[in-house]
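> Residues per chain are reported as follows:
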Amino acid sequence: MFELLEMLDMPFFRRALVAAALIGFTNGFVSGFVLLRRSSLALSALGHTMLPGIVIVVLITGVLDQVGAFMGALLASLLVGLGSIAVTRHTRLPQSTALAIFFTSAFALGVVLLKYVHTSQDLEEWLFGSILSVSDADLKVFFGIASFTLLSATLFMRPLLLTLFEPNVAAVQGVGVRWMNYLLYALMIFALMASFQAVGSILSIGLLVVPGAIVSLFTNHTRWLFWGGGVVGCLGSVLAVIISIPLNIPTGPAIVLVLGALFLVAYLCSPNYSPFKRSPKT
Amino acid sequence: MSKCNHSHAHGQTHDLIIEDLEVAYRHNTVLKDISLHAHCGSSVALVGPNGAGKSTLLKAIAGLVKRRTGRITWSGEDNLKCRGGEFAYLPQHEEVNWDFPITVRGVVEMGRYSQLGPWKKFTKQDDLAVEKALSLMEMDGELANRQISELSGGQKQRAFIARSVAQEAHVLLLDEPFTGLDRDHTANLTRLLRKLAQENRLVIASHHDVNTLADIFDHVLLLNRQIVAYGECQSILTEENLTLTFKNTANV
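Respectively, the protein sequence lines represent chains A and B. Sequential numbering of the first sequence, starting at 1, is according to the numbering used here. Sequential numbering of the second sequence, starting at 1, is according to the numbering used here.
It should be emphasised that the hints constitute simulated quantities derived from the structure, not laboratory data. This structure is a prediction, so every number in the text was calculated from the model and none was measured. Do not take every clue at face value.
SDA-like, lysine to any residue: derived pairs with alpha carbons at most 20 Å apart [to be verified]:
1. B/121 - A/157
2. B/66 - A/168
3. B/66 - A/85
4. B/121 - A/223
5. B/120 - A/60
6. B/81 - A/223
7. B/121 - A/221
8. B/120 - A/85
9. B/121 - A/85
10. B/121 - A/168
11. B/66 - A/21
12. B/121 - A/269
13. B/156 - A/250
14. B/156 - A/150
15. B/81 - A/157
Extracted from the complex, chain A is given alone in its bound form (with noise of 0.2 Å):
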């Protein structure tokens, strides 16, 4: 205990921990989308797709930072996205067997790429996560994404939920599925950027999967989903920076596995679900 309040002392110890709340509550709550669209293995693509994003950005510019990062992230991310959209649509081949080819090749790519980066002590966090040498300039943008997410789910809740559901009923009742479709890309998109300073590119599906998924084992609301996702993803990340240093474990893996392990937890409580609670009906 005498620890942690010495630790709160350093400046970096407490950027860290507002860094992993704002990015563990907008990963939860957008998590709650990734449930709904059943969407994780396109994220996962989409995560490992920002690497090259990235990796090329930097051969170009000499230099990484979070916008050049990000518009590198997000230009490979669609490339790949309308990539296999384009190939579903003129071959039979099933949407996610396209976004594998292009997504692997794409994460082999930037792996190759990374040889000829100067800067690879950097790129080594973007990988892995970093989240004990956030800036203050880093915070303001992690404030503004999360400030974003909130404002547009809550703004657009009902006809969000309407598109997930069913977009062709939607459609006809007056929602514009498309720019639905667009606001749940981009919110998706923001949270992996965020969650890339946190985690890394590879483990950040995990931050935007689980949180949603901890909390759907215990309640039939959807509305629950997105506000439990986000307090469990911040609690969790939060706890996770604070258990990391004395165990001296580094702070990326840890968030993911503390929120793996508090899953787990869930899973064998859950009311519903548990193992050891089935009735003996089914």
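We have chain A already, so just place chain B on it with the hints.
Showing chain B alone in chain A's frame:
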């Protein structure tokens, strides 16, 4: 209840007019030379073999598929402008996300989006419409609070019909609404569809049971990628027309 009743006081009817419609998925022409005229206060059954284009015709009217040629208008307006109030659409079930954590009542409440849009508050009137739709489909009481993932096939179908009814739309486009319903609920839905037509709505539904057709609908459209015959049930449902509709599948 609907805009239709009001305008009828002025002696107007509302017409669905399809002219020269053609729909194709890639190089495969699904619907060709479709022209027809239907008006509110009636019900039309779409009948034809598998792959005849019944679902596609419903989607085309709802504005959900691209048409290669042709025009679809409802009371003089292009059908794409009629979304968000005038049309209710009941799809077949494959497209629905059944894992959604939502109750039957929640599903039916979604039907009020046309009236409420993204921000308006749920009013007493919306509550009444939802409650009425639930009881019409016998999904009220305990069933209304069940998760949709826990429903049987027929109950799912009833929940979705209730959602369409709660929209209080002018035109109901129903894709195989009788699928999965038992005998009593089939009779119930038959009464409901007749009632909807009497309320001056236009009901268009795909249907595969030729024997019960005339009990439920007043018009029938025999379809096999093109219109084979269209008109009042008695005059259209001849042995000859039916043979023509169901025989040609392989040749088209």
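> Taking the hints in turn, state whether each one holds.
To see whether the hints hold, each was checked on the structure:
1. Of the supplied pair hints, the one linking residue 121 of chain B and residue 157 of chain A holds, its CA atoms being roughly 13 Å apart against a limit of 20 Å.
2. At most 20 Å may separate the alpha-carbon atoms for a hinted pair to count; residue 66 of chain B and residue 168 of chain A meet this at roughly 13 Å.
3. For the suggested pair residue 66 of chain B and residue 85 of chain A, the alpha carbons sit about 18 Å apart, so the restraint of at most 20 Å is met.
4. Using a Cα cut-off of 20 Å, the hinted pair residue 121 of chain B and residue 223 of chain A holds, with the two alpha carbons roughly 16 Å apart.
5. Among the hinted pairs, residue 120 of chain B with residue 60 of chain A is inconsistent with the structure: their alpha-carbon atoms are about 49 Å apart, more than 20 Å.
6. With a CA separation close to 31 Å, the supplied pair residue 81 of chain B and residue 223 of chain A exceeds the 20 Å bound.
7. Under the criterion of a C-alpha separation no larger than 20 Å, the hint pairing residue 121 of chain B with residue 221 of chain A is consistent with the structure, at around 19 Å.
8. Restraint check for residue 120 of chain B and residue 85 of chain A: the C-alpha separation of about 36 Å exceeds 20 Å, so the hint is violated.
9. About 38 Å separates the Cα atoms of residue 121 of chain B and residue 85 of chain A, which puts this hinted pair outside 20 Å; it is violated.
10. Between the alpha carbons of residue 121 of chain B and residue 168 of chain A the distance comes to roughly 24 Å, so the proposed pair goes past 20 Å and is violated.
11. A threshold of 20 Å between alpha carbons decides the hint, and for residue 66 of chain B with residue 21 of chain A the separation of about 46 Å lies outside it, so the pair is violated.
12. With a CA separation close to 37 Å, the supplied pair residue 121 of chain B and residue 269 of chain A exceeds the 20 Å bound.
13. Distance check on the hinted pair: residue 156 of chain B and residue 250 of chain A sit about 48 Å apart at the alpha-carbon level, beyond 20 Å; violated.
14. At roughly 33 Å between alpha-carbon atoms, residue 156 of chain B and residue 150 of chain A are farther apart than 20 Å, so this suggested pair is violated.
15. Of the pairs offered as hints, the one joining residue 81 of chain B and residue 157 of chain A is violated, with about 24 Å between alpha carbons and a cut-off of 20 Å exceeded.
Hint check: violations occur at hints 5, 6, 8, 9, 10, 11, 12, 13, 14, 15; the rest are consistent with the structure.
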